[in-house]
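Top line first, the protein sequences correspond to chains A and B.
The first sequence lines up with residues 1 to 112 when you count with the working numbering.
The second sequence lines up with residues 1 to 113 when you count with the working numbering.
Any given hint might turn out to be false.
[To be verified] Partial selection, computed: residues in chain B whose CB lies under 10 Å from chain A:
# : residue
1 : Ile4
2 : Leu43
3 : Tyr48
4 : Thr101
5 : Gln102
6 : Gly105
[What the hints assert, rightly or not] Residues from chain B that keep clear of chain A, each with C-beta distances beyond 12 Å, as calculated:
# : residue
7 : Val19
8 : Gln41
9 : Glu62
Keep in mind the hints are simulated off the structure, nothing from the lab.
For every residue, glycine included, the Cβ atom is placed at its ideal position computed from N, Cα and C.
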Amino acid sequence: AQSVTQLDSQVPVFEEAPVELRCNYSSSVSVYLFWYVQYPNQGLQLLLKYLSGSTLVESINGFEAEFNKSQTSFHLRKPSVHISDTAEYFCAVRYNFNKFYFGSGTKLNVKP
Amino acid sequence: DGGITQSPKYLFRKEGQNVTLSCEQNLNHDAMYWYRQDPGQGLRLIYYSQIVNDFQKGDIAEGYSVSREKKESFPLTVTSAQKNPTAFYLCASSIGPGEETQYFGPGTRLLVL
């Protein structure tokens with residue numbers, strides 16, 4: 001069965017420090033990869049996605065993720081986090097026609 | 001302003017009662033989805049619909065039912081057969097089958113009295 005693994009359930013970090021949220025998926029077949037962000041009691045918002053082309057993708061608020069096919073990973077990084085980045089982040093993979101698989105989420109807690 | 005709306009924001013269910021969660025979109029998307037979110041488990045697919053009058057079961061469809069009579073609406077009914085309904089329910093849509101990006105509504109939290 002296909003799966004998406006987010007190894008860290010919680011990541012505490014101080015403001016202006018760098019952060020990496022890890023995501024691994026189970027198959028090396030062609031995939032589309034996504035990171036979503038969820039603020040408390042809200043739906044998910046698309047942060048960034050990899051469909052094809054350059055393996056490094058960026059969001060408008062300074063996050064970036066790199067698709068690594070050999071390691072089946074799509075880790076999310078930000079060089080300097082803000083308090084407002086505190087949220088839960090979900091990695092998602094689309095393997096099949098209309099079938100998405102979501103990781104269990106990583107709660108990013110940015111401390112002043 | 002285009003988007004996905006879900007109502008109500010909070011819903012309470014009594015034992016043995018069926019309840020219906022609303023999901024409406026004005027994005028002109030063909031495909032719609034229902035997910036259940038439990039703490040520490042991410043999102044699990046309940047049902048999805050690629051086109052009006054058609055829908056398929058997801059990974060955890062037991063105890064749930066849906067309909068897709070209109071393109072913009074995809075209501076989810078949580079039946080009395082669903083023994084553990086307490087969760088956060090998220091509706092999503094995408095332009096069409098095969099479209100890679102899903103857009104999410106704000107969610108409905110269902111609680112059992």
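To see whether the hints hold, each was checked on the structure:
1. The beta carbon of Ile4/B comes within 8 Å of a beta carbon in chain A, closer than 10 Å, and the hint placing it at the interface holds.
2. A cut of 10 Å between beta carbons decides the hint on Leu43/B: the least distance to chain A is about 4 Å, and the hint holds.
3. At its closest, the beta carbon of Tyr48/B sits 6 Å from a beta carbon of chain A; the interface hint therefore holds under the 10 Å criterion.
4. This hint holds: Thr101/B has a C-beta 6 Å from the nearest C-beta of chain A, less than the 10 Å allowed.
5. At about 7 Å, the closest approach between the beta carbon of Gln102/B and any beta carbon in chain A falls short of 10 Å, and the interface hint on this residue holds.
6. Interface restraint check for Gly105/B: the shortest CB-CB distance to chain A comes to about 5 Å, inside 10 Å, so the restraint holds.
7. For Val19/B, the shortest C-beta to C-beta distance to chain A comes to about 19 Å, beyond the 12 Å cut-off, and the non-interface label holds.
8. At roughly 6 Å, the least C-beta separation between Gln41/B and chain A is not larger than 12 Å, which violates its mark as non-interface.
9. At the 12 Å boundary, the C-beta of Glu62/B stays outside the reach of chain A, the nearest C-beta of that chain being 18 Å off.
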